[in-house]
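Trainee: Sequence:
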Amino acid sequence: MSNSRILVVEDHPASLRMLSKMLARQYNVIPASSGDEAISRAKQENPDLVLLDIEMPGLDGFQTFDILKKEVLPPAVPVIFLTAREDSQSREKGLEAGAVDYITKPYDSQELAIKVKNHLALYEARKEIEKRNRIMAREMEMASQLQNSLLPHEFPRCDRVDFYVVYQPVSEAGGDFYDAVELPDGYLGFAQVDVSGHGVSAAMIGAMFKMAFQSFARSTLSPARLMAELNDSLVRILPDADFLTVFYGVLHKSGLELVFTNAGHPRPLVYRRQNKGLEELEVGGPLLGAFPGMYYEEGTVLLKSGDRILVFTDGVTEASKSSDNNAFYGEERLREVFVQSCEIEPEKALPYIMKDLEQFREDTTFDDDVTMILAAVK
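The opening residue of the sequence shown carries number 1 in full-length UniProt numbering; numbering runs sequentially from there.
These are computed hints drawn from the structure, not numbers from a lab. Treat the hints with caution; some may be incorrect.
Here are the simulated SDA-like cross-link-like pairs (lysine to any residue), alpha carbons at most 25 angstroms apart as the crow flies [to be verified]: (1) K253 x D185; (2) K127 x A97; (3) K210 x S222; (4) K70 x E111.
Whenever a hint applies, use it, and build me the whole structure from the sequences.
Mentor: Written out as structure tokens, the structure is:
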């Protein structure tokens with residue numbers, strides 16, 4: 001802080017010299033004897049702190065302060081008013097206007113040194129915080145761009161199944177994403193992923209998963225084998241505390257058989273048009289990327305015309321009321337609303353569920369990412 005620039009505004013020459021002398025040992029002093037001169041010098045010198053006398057001819061301290069704050073200085077630059085000891089009204093007015101402190105006349109060198117040092121330190125800390133916030137904002141923007149690049153523009157076409165997606169991240173870069181890949185012999189693979197955490201790290205982990213997924217998926221039609229390969233690949237590079245939950249399904253484009261596996265993900269729901277019943281895809285498995293050498297089970301479900309599958313992340317069922325963090329949307333309500341949504345056109349089903357979720361939450365924002373994939377058999 002020894003290079004800090006202090007603008008000292010005092011209309012009495014003797015007081016201006018005294019203040020300048022007190023501060024010159026540690027700081028670069030910018031003297032000014034009037035409000036007009038203070039404004040001019042502030043524009044030229046960009047001070048880090050201002051000592052501003054209230055009682056001055058011409059522009060008084062309050063008028064000068066108003067111009068400096070509105071037109072010249074960055075908002076965070078601290079201004080300390082210089083005022084007579086008995087002038088409590090001016091002190092209150094100055095603090096209400098936005099001054100950070102005041103120093104009373106006659107000036108005490110120790111008080112001056114302490115207050116200037118403390119407010120410069122606070123200013124430097126605030127600048128550092130703002131700098132870090134700018135860096136974080138840029139990183140979040142880059143993470144958001146990376147996250148968006150992970151998402152497929154559209155699902156590959158399937159003769160018998162239409163896919164619909166809702167993706168609502170809690171921040172610019174969420175921890176949820178999904179992907180789809182065309183496989184040999186007319187098969188389609190699709191995955192829904194929930195990465196632990198959010199932001200830059202989640203986006204990077206998502207990118208790692210996508211690269212591995214796109215690389216390995218075409219080598220096997222077995223979801224369980226693919227999940228084991230992905231797990232052993234990711235466990236070597238992920239930080240210890242990070243992991244993913246994944247649902248992965250392989251569907252022939254004829255759309256009548258889905259083979260799937262599940263790595264710690266919520267169990268998808270299957271609606272049967274024929275009897276209006278609801279089933280769960282109960283095959284489970286360990287989290288992805290937590291431990292090496294994991295075994296994953298594989299399940300098969302036969303589909304018929306009118307059936308629908310809902311794949312979702314825990315941000316749906318664990319959404320809480322804005323007014324009561326202990327009241328959760330829950331699986332039971334999701335099951336009921338999903339069945340209701342199956343009575344309307346498939347393209348309107350996910351918006352129907354989202355509307356109910358928002359009504360329950362009493363808000364359109366969420367504490368966690370919300371992602372749903374609907375597969376509707378034609």
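Trainee: Compare the distance between the alpha carbons of K127 and A97 with 25 angstroms, and conclude whether the hinted pair is satisfied.
Mentor: Holds - the C-alpha atoms of A97 and K127 are around 21 angstroms apart, at most 25 angstroms.
Trainee: Check whether the Cα positions of K70 and E111 lie no farther apart than 25 angstroms.
Mentor: Not OK: K70 and E111 at ~28 angstroms, beyond 25 angstroms, violated.
Trainee: Is the hinted pair K253 and D185 satisfied, with a Cα-Cα distance of at most 25 angstroms?
Mentor: 9 angstroms, holds
Trainee: For the pair we were handed, K210 and S222, check the Cα-Cα distance against 25 angstroms.
Mentor: OK: K210 and S222 at ~18 angstroms, within 25 angstroms.
Of the hints listed earlier, the one the structure fails to meet is number 4.
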